[in-house]
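J.: Chain by chain, the residues run as shown.
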Amino acid sequence: MKTLRDVSVGDTVKVVKLHGEGAVKRRIMDMGITKGVEVYVRKLAPLGDPVEVNVRGYELSIRKADAEMIEVE
Amino acid sequence: MDNKQIRIALAGNPNSGKTTLFNKLTGSNQFVGNWPGVTVEKKEGKLIVDKEVVLTDLPGIYSLSPYTLEEVVARNYLIEEKPDAILNIVDATNLERNLYLTTQLTELGIPVVIALNMMDLVKKAGDSINVKELSRQLGCKIVEISALKGDGVKEAALAAIETAKNGKTVPQHTFSGPVEHALAHIEEVTVHNLPEEQQRWYAIKVFERDEKVMDQLKIPADVRTHIEKDIAAAEKELDDDAESIITNERYVYIGETLKGIYKKKGKGQLSVSDKIDRIVTNRILALPIFAVVMFLVYALAMGKSIADGGIAIGTFLTDWANDVLGGAWLTDGSRAILEGWGAAPWLVGLISDGIFAGVGAVLGFVPQMLVLFLMLCLLEDCGYMARIAFIMDRIFRRFGLSGKSFIPMLVGTGCGIPGVMASRTIENERDRRMTIMTTTFMPCGAKMPIIGLIAGALFGGSTWIAVSAYFIGVAAIVVSGIMLKKTKMFAGDPAPFVMELPAYHLPAWGNVLRGTWERGWSFIKRAGTVIVISSIVIWFLTSFGSVNGTFGMVDALYEDEDLVTDEYVAQVADRMGIPEDEVEPMDDSILARIAQPASVVFKPLGFGDWKPTAATVTGLVAKEEVVANFGIMYAYDDQEGEEELEENGDQIWDRVADDFNAFSGGHGKLAAFAFMIFNLLCAPCFAAIGAIKREMNSPKWTWFAIAYQCGFAWVIAFIVWQVGRLFAGGMNIVGLVLALVMLALLCWQLFKPYKEAQKLTVK
Numbered sequence: 001m002k003t004l005r006d007v008s009v010g011d012t013v014k015v016v017k018l019h020g021e022g023a024v025k026r027r028i029m030d031m032g033i034t035k036g037v038e039v040y041v042r043k044l045a046p047l048g049d050p051v052e053v054n055v056r057g058y059e060l061s062i063r064k065a066d067a068e069m070i071e072v073e
Numbered sequence: 074m075d076n077k078q079i080r081i082a083l084a085g086n087p088n089s090g091k092t093t094l095f096n097k098l099t100g101s102n103q104f105v106g107n108w109p110g111v112t113v114e115k116k117e118g119k120l121i122v123d124k125e126v127v128l129t130d131l132p133g134i135y136s137l138s139p140y141t142l143e144e145v146v147a148r149n150y151l152i153e154e155k156p157d158a159i160l161n162i163v164d165a166t167n168l169e170r171n172l173y174l175t176t177q178l179t180e181l182g183i184p185v186v187i188a189l190n191m192m193d194l195v196k197k198a199g200d201s202i203n204v205k206e207l208s209r210q211l212g213c214k215i216v217e218i219s220a221l222k223g224d225g226v227k228e229a230a231l232a233a234i235e236t237a238k239n240g241k242t243v244p245q246h247t248f249s250g251p252v253e254h255a256l257a258h259i260e261e262v263t264v265h266n267l268p269e270e271q272q273r274w275y276a277i278k279v280f281e282r283d284e285k286v287m288d289q290l291k292i293p294a295d296v297r298t299h300i301e302k303d304i305a306a307a308e309k310e311l312d313d314d315a316e317s318i319i320t321n322e323r324y325v326y327i328g329e330t331l332k333g334i335y336k337k338k339g340k341g342q343l344s345v346s347d348k349i350d351r352i353v354t355n356r357i358l359a360l361p362i363f364a365v366v367m368f369l370v371y372a373l374a375m376g377k378s379i380a381d382g383g384i385a386i387g388t389f390l391t392d393w394a395n396d397v398l399g400g401a402w403l404t405d406g407s408r409a410i411l412e413g414w415g416a417a418p419w420l421v422g423l424i425s426d427g428i429f430a431g432v433g434a435v436l437g438f439v440p441q442m443l444v445l446f447l448m449l450c451l452l453e454d455c456g457y458m459a460r461i462a463f464i465m466d467r468i469f470r471r472f473g474l475s476g477k478s479f480i481p482m483l484v485g486t487g488c489g490i491p492g493v494m495a496s497r498t499i500e501n502e503r504d505r506r507m508t509i510m511t512t513t514f515m516p517c518g519a520k521m522p523i524i525g526l527i528a529g530a531l532f533g534g535s536t537w538i539a540v541s542a543y544f545i546g547v548a549a550i551v552v553s554g555i556m557l558k559k560t561k562m563f564a565g566d567p568a569p570f571v572m573e574l575p576a577y578h579l580p581a582w583g584n585v586l587r588g589t590w591e592r593g594w595s596f597i598k599r600a601g602t603v604i605v606i607s608s609i610v611i612w613f614l615t616s617f618g619s620v621n622g623t624f625g626m627v628d629a630l631y632e633d634e635d636l637v638t639d640e641y642v643a644q645v646a647d648r649m650g651i652p653e654d655e656v657e658p659m660d661d662s663i664l665a666r667i668a669q670p671a672s673v674v675f676k677p678l679g680f681g682d683w684k685p686t687a688a689t690v691t692g693l694v695a696k697e698e699v700v701a702n703f704g705i706m707y708a709y710d711d712q713e714g715e716e717e718l719e720e721n722g723d724q725i726w727d728r729v730a731d732d733f734n735a736f737s738g739g740h741g742k743l744a745a746f747a748f749m750i751f752n753l754l755c756a757p758c759f760a761a762i763g764a765i766k767r768e769m770n771s772p773k774w775t776w777f778a779i780a781y782q783c784g785f786a787w788v789i790a791f792i793v794w795q796v797g798r799l800f801a802g803g804m805n806i807v808g809l810v811l812a813l814v815m816l817a818l819l820c821w822q823l824f825k826p827y828k829e830a831q832k833l834t835v836k
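Respectively, the protein sequence lines represent chains A and B. So for the first sequence, my numbering puts the first residue at 1; every next one is plus one. So for the second sequence, my numbering puts the first residue at 74; every next one is plus one.
Incorrect hints may have been included.
Quick list of in silico lysine-lysine cross-link-like pairs, DSSO-like style, CA-CA up to 27 angstroms [claimed, not checked]:
hint, chain 1, residue 1, chain 2, residue 2
1, B, Lys-337, A, Lys-35
2, A, Lys-14, B, Lys-119
3, A, Lys-14, B, Lys-338
4, B, Lys-238, B, Lys-116
5, B, Lys-309, A, Lys-35
6, A, Lys-35, B, Lys-116
7, B, Lys-828, B, Lys-119
8, A, Lys-35, B, Lys-338
9, B, Lys-825, A, Lys-64
10, A, Lys-17, B, Lys-309
11, A, Lys-17, B, Lys-302
12, B, Lys-119, A, Lys-17
13, B, Lys-337, A, Lys-14
14, B, Lys-559, A, Lys-14
15, B, Lys-348, A, Lys-14
16, A, Lys-64, B, Lys-559
17, B, Lys-336, B, Lys-214
18, B, Lys-332, A, Lys-17
19, B, Lys-336, A, Lys-35
Quick look at which bits of chain A chain B covers, simulated, 3 or more residues with Cβ under 8 angstroms [said to hold, decoys possible]:
hint, stretch
20, 19-31
21, 41-54
Just so you know, these hints were derived from the structure itself, not from any lab. Each residue gets a CB set at the ideal place from its N, CA and C atoms; glycine is no exception.
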């Protein structure tokens, strides 16, 4: 299973499914990362975590541990 | 029209211009408070266009989920208080995510008016939005505004009032077949007795299995099993959990709606904000830029005063406020005036040394704080604050802190009060509380003289003592962070982990100045009372006492030779264990009397003598008082001697060293080090405690913070003293065993595994 964590900086991917449950999952989805949406991985933070992605036209910071819950194509 | 007051709620995403709009709509008619029971700030104001209408500013939220405090506060207000209308501010440059909240707001059965902000930016980028069609699709009126310029703001307010009087918003979007089927069932069996317009919202929440709504509705078990079947059927058909289905379908609906409405001209070109961000959070440049920004914040607010060749306008103004305004005008000035009037000495003391010294202490910090807040507001408003969290997150989250905790800690090395107040920028309540509790572990400027005294008196002026003080401070923060995040008090609530990085923009000066003033004023108002009252109490304890059976101000009583006989002086000297010629009026103060028995508390830490005990207590007024009090207690007399006592107590070093060696059985160094550790880590000065009280906004949490700090300081000093004597000789086996047990408990709490919570505990 490929997750958002594995995507290299500069790539755009499509979200297939969200794993996990509860508050964490809901928050990710509330911010617009839902099934079928395109996510562009813009950059890594200077210390290697979190990741900055562009989704639905705005910038979002997400920790790698949480990016692991997002299955992508 | 009836005479009922109209209430309108202002709702919208963070960074959508909500604060700017609120300020434009209400002007100076604002009242700031807190939402009941929580630390989330609540702002209300009267509309400029119609003073009869009250506008309530809801917290900035992305959704109405049950998982964050802000969202729960907002939805409770909307459902329970039922305002007459919702003014929903929507950022046109970020339409999809902003409308996600709108789809939820329109389900509440409250009329909604949309204020479409930043349309000018959309047009400037060459994009277009068919506002008329969007309004028709969403089923609510839309007013185009620019909150920053003030365009359309009045129209939006009038539209909201009009809608509040006779509007109605019916949710236009529907979910997919299986969901609607389940919703119809739920409406039929569980929510039919609720107000009609709220039924859909409740039905959707029940479908989502929203814990808070389920608890509130108290659905009988048999009905629950019945609807659970419907939900499960929908989940099976759509292959996802109910909550995700709803979220997903909302975004799908928005995507469909916007298809013909939102036309983007260019794709892929970088905006100005993107270009700035490429440099500012660049992998190589981000940390140096961060360091420069932090240096500027520190240097301007806390650093070397302008008067001493630095650039710190904050320090300059605070020095002035402390020395001139507080010291010369308030304290000395009031004394001169009162004495001129022939007021009783106790009254002069109470007003000048008690009340005005306390007021001066409060006022003294205000300029520095205002400068600091001004810069923090700027960083927040221009969008850099979110990047600080982005850059520092990796380090700080391990200790249960936020990336934004860096600023309070940095500022805390100058002064803990603005440090604690700077925690305000941390949105997450848990991270904020943790930051407030640990910030004052950093050795602040006023603790430096204590370190100087100990290093000079017992360690030959070794610089390692100061280095170790910083090391201990940082270690205390890290250890406390890790330990506390595993406790029940902190493990309760989930931490947000996904954060928007808003576009950079020029700060809106109106917002920045207003924000700066609000924070400064709230410090004066709420921290002030604590500081003034405690200053008076300590003043009373140090100035009053009983001399040879007569109670009064000790300074005055000591001038009475009938009372202070040679015999009596001998008694006092004997009681305090000092030579007769060193007896001071203060030896008879209440403080000295209670310090003697109270010093028992510090016996296991190696400094169970009345002098360090009394010094520690007066350190609560201000940490620099510790050294000043040592000066008094070790009878350094600057009246007769030529020079004033140095800040680090230079002249009394020998006496302090002798005394520490004497009462600790020859382990003066160890006892002094334990004393220093305790004073570094224990409860900060009253002014900082006031700031903690202000920021915690809860007596329970304030007391918990103070108790934790004192307890932690005691335990660490205890371990150092007991284990230290294992090497230095003279060990106490019971003490050593206890110290090792404490150490083991600390380690256990540090290394035990723990799991992040999923549920929010607040109702």
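J.: Holds or violated: A/Lys-35 and B/Lys-338, Cα atoms, limit 27 angstroms.
T.: holds (26 angstroms)
J.: For the pair we were handed, B/Lys-336 and A/Lys-35, check the Cα-Cα distance against 27 angstroms.
T.: Roughly 23 angstroms between the alpha carbons, so the hint for B/Lys-336 and A/Lys-35 holds.
J.: Are B/Lys-309 and A/Lys-35 close enough, with their CA atoms no more than 27 angstroms apart?
T.: Cα-Cα ~16 angstroms, so holds.
J.: Does B/Lys-338 lie within 27 angstroms of A/Lys-14 when you go C-alpha to C-alpha?
T.: Roughly 23 angstroms between the alpha carbons, so the hint for A/Lys-14 and B/Lys-338 holds.
J.: Holds or violated: B/Lys-828 and B/Lys-119, Cα atoms, limit 27 angstroms.
T.: violated (45 angstroms)
J.: Can you confirm whether the C-alpha distance between B/Lys-119 and A/Lys-17 stays at or below 27 angstroms?
T.: violated (46 angstroms)
J.: Are A/Lys-35 and B/Lys-116 close enough, with their CA atoms no more than 27 angstroms apart?
T.: violated (37 angstroms)
J.: Would you check the hint for B/Lys-332 and A/Lys-17, treating anything up to 27 angstroms between C-alpha atoms as holding?
T.: Holds. B/Lys-332 to A/Lys-17 sits at ~23 angstroms (cutoff 27 angstroms).
J.: Check whether the Cα positions of B/Lys-238 and B/Lys-116 lie no farther apart than 27 angstroms.
T.: The given pair, whose Cα atoms are some 23 angstroms apart, holds under the 27 angstroms limit.
J.: Are there at least three residues in the stretch 41-54 of chain A whose beta carbon sits under 8 angstroms from a beta carbon of chain B?
T.: Three-residue rule met by the stretch 41-54 of chain A, so holds; n is 9.
J.: Within 27 angstroms, alpha carbon to alpha carbon, are B/Lys-348 and A/Lys-14?
T.: Status holds; Cα separation ~25 angstroms.
J.: Does B/Lys-825 pair with A/Lys-64 here, judged by a C-alpha cut-off of 27 angstroms?
T.: holds (23 angstroms)
Comparing the model with each earlier hint shows violations of hints 2, 6, 7, 12, 14; every other hint is respected.
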